[in-house]
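A.B. asks: The working numbering applies: residue -10 is where the sequence shown begins, and numbers increase by one.
Quick caveat, the hints were computed from the structure, so don't treat them as lab data.
Check the hints yourself; a few may be wrong.
Label-pair distances were calculated between CB atoms; the ranges are [said to hold, decoys possible]: (1) F39 with P100: 26 to 34 Å; (2) V111 with F39: 18 to 26 Å; (3) E23 with Y88: 15 to 23 Å; (4) K7 with D101: 20 to 28 Å.
Nothing here was measured: the structure is a model prediction, and the numbers come from that model.
Cβ coordinates follow ideal geometry from the N, Cα and C atoms, glycine included.
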Amino acid sequence: MYGEEHGISANFDTSWSKGLFTASINLKLNHYPESGATEFGPQAEFTYWFFANMGGGGGYLFGDRAGPILHLFVGFPLGDDFSKQGLLGRIISPFRSFYIEPYARANFFFPDGLKFFVEVGVMIKITTFQI
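Produce the entire structure from the sequences given, and follow the hints as far as they go.
C.D. replies: Quick look at the structure:
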């Protein structure tokens, strides 16, 4: 994470897709090694696929600094189809695809005022549909 101070973010995401639209629930954990501050909480996100996965959302973070958070998202899914031949399709039959998604998320966090930071990372996703 990049902003007033650098940190580490870990997220767990579950989502539902219909056509080009996706709705997801995200559990976020942020930690800032320099100050020792930690924030965690749920977020909802809505995205649309148009040459990239783009969208936004919001939620609430608890911890050393608590408050509402809003964000904008852009990601670039890179995947492969495991529905017929791949290891994933043989082991766990409901799963059809595996892909990675490099992403950036601009966050607007309001613990006591505006705290802006950018989260950059790579998501690892397993789907029940073919990509």
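A.B. asks: Could you see if the CB distance from K7 to D101 stays within 20 to 28 Å?
C.D. replies: Violated - the Cβ-Cβ distance for K7 and D101, about 38 Å, lies outside 20 to 28 Å.
A.B. asks: Should the hint that E23 and Y88 are 15 to 23 Å apart at their CB atoms be regarded as holding?
C.D. replies: violated, 33 Å
A.B. asks: Do the Cβ positions of F39 and P100 conform to the proposed distance bound of 26 to 34 Å?
C.D. replies: Holds, since F39 and P100 (Cβ atoms, about 33 Å apart) stay within the stated range.
A.B. asks: Cβ-Cβ distance between V111 and F39: within 18 to 26 Å?
C.D. replies: holds, 21 Å
Of the hints listed earlier, those the structure fails to meet are numbers 3, 4, in rising order.
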